[in-house]
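Q: Sequence:
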Amino acid sequence: MTRYPVLNIWADAVSLPEVLDCVVRFVEEGLGLHTIFASNPEKNFSVPKDPLLYERFRTADLLLPDGIGVVLALRVLHGVRVSRLTGIEVMQEICGLAEARGFRVFIYGAAEEVSQAAVETLRLRFPNLNIVGRAHGYLPESEMETLAARIDESRAQILFLALGSPKQERWIARFGPQLPSLRVCQGIGGTLDILAGKTKRAPASFRRLGLEWLYRLATEPGRIGRQRVIPVFILQVLARRLTALMQRRG
1 MTRYPVLNIW ADAVSLPEVL DCVVRFVEEG LGLHTIFASN PEKNFSVPKD
51 PLLYERFRTA DLLLPDGIGV VLALRVLHGV RVSRLTGIEV MQEICGLAEA
101 RGFRVFIYGA AEEVSQAAVE TLRLRFPNLN IVGRAHGYLP ESEMETLAAR
151 IDESRAQILF LALGSPKQER WIARFGPQLP SLRVCQGIGG TLDILAGKTK
201 RAPASFRRLG LEWLYRLATE PGRIGRQRVI PVFILQVLAR RLTALMQRRG
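In the numbering used here, the protein residues as written are 1 to 250.
These aren't lab readings, by the way, just hints derived from the structure by calculation. It cannot be assumed that every hint is accurate.
[Said to hold, decoys possible] Here are the computed distance ranges between Cβ atoms for each label pair:
1) 3 <-> 143: 17 to 27 Å
2) 248 <-> 13: 19 to 29 Å
3) 244 <-> 143: 42 to 52 Å
4) 242 <-> 127: 47 to 57 Å
[What the hints assert, rightly or not] Calculated cross-link-like contacts (lysine-lysine; reagent style DSS-like; alpha-carbon spacing at most 30 Å):
5) 167 <-> 198
6) 200 <-> 167
7) 167 <-> 49
Cβ coordinates follow ideal geometry from the N, Cα and C atoms, glycine included.
Based on the provided sequences and hints, a complete structural model is requested.
A: As structure tokens, this is what we get:
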């Protein structure tokens with residue numbers, strides 16, 4: 001696995017089997033907390049604005065090439081071909097791994113009804129998955145210490161954070177040191193909404209073509225404020241590539 005710079009952030013050239021191998025090592029051999037975050041075009045613009053978030057992102061154990069823009073950037077800038085690894089796919093694969101190996105899982109985030117429905121879906125798909133606790137993502141600040149204590153008491157080894165970025169990265173940066181039993185934390189954004197059936201995934205044909213972002217924009221027009229960074233990101237990647245070619249020739 002190699003980490004590559006992608007404009008203002010980074011992404012790992014990693015496959016799904018390699019991610020799962022890492023999770024096993026993190027849980028069974030790791031001595032501390034290991035974080036898994038997603039790299040996408042939006043984070044290229046948001047992460048560097050917050051020094052704490054930037055450092056947490058930079059030092060993450062795995063930075064998944066989630067957005068298709070990042071996948072293409074790795075190819076254009078570094079000649080590296082990787083497959084897109086979405087949060088929902090990686091999360092479910094980790095759940096299957098946790099079921100097989102008896103790892104303890106805690107889920108935090110989303111609205112209460114979404115959290116409940118998503119956990120029910122996971123229990124149907126992974127009947128032997130040891131979900132030792134869950135909490136919705138709208139707890140007041142006054143209950144954060146209590147929540148951290150709950151997670152610690154559950155002895156969870158894997159935590160899925162569905163708070164959205166950058167809230168989920170900030171949360172684990174703040175409370176991770178209070179969770180000595182925790183070995184893996186994955187930021188999963190809106191994954192629970194999909195598992196609960198609140199949000200629909202793009203059809204497989206859109207996903208194969210790397211156009212899931214377009215489908216979500218068409219079905220959720222309110223996302224346009226977030227999605228408009230994609231063409232800017234692509235233009236910056238192409239400009240970086242052109243500059244590199246000119247420097248080589250010069």
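Q: Does each hint hold? Answer for all of them.
A: To see whether the hints hold, each was checked on the structure:
1. 3 <-> 143: 17 to 27 Å: violated (36 Å)
2. 248 <-> 13: 19 to 29 Å: holds (22 Å)
3. 244 <-> 143: 42 to 52 Å: Check passed, 49 Å falls within 42 to 52 Å.
4. 242 <-> 127: 47 to 57 Å: For residue 127 against residue 242, whose Cβ atoms are near 53 Å apart, the range 47 to 57 Å holds.
5. 167 <-> 198: Roughly 21 Å separates the two Cα atoms, so the pair holds.
6. 200 <-> 167: holds (23 Å)
7. 167 <-> 49: Status holds; Cα separation ~14 Å.
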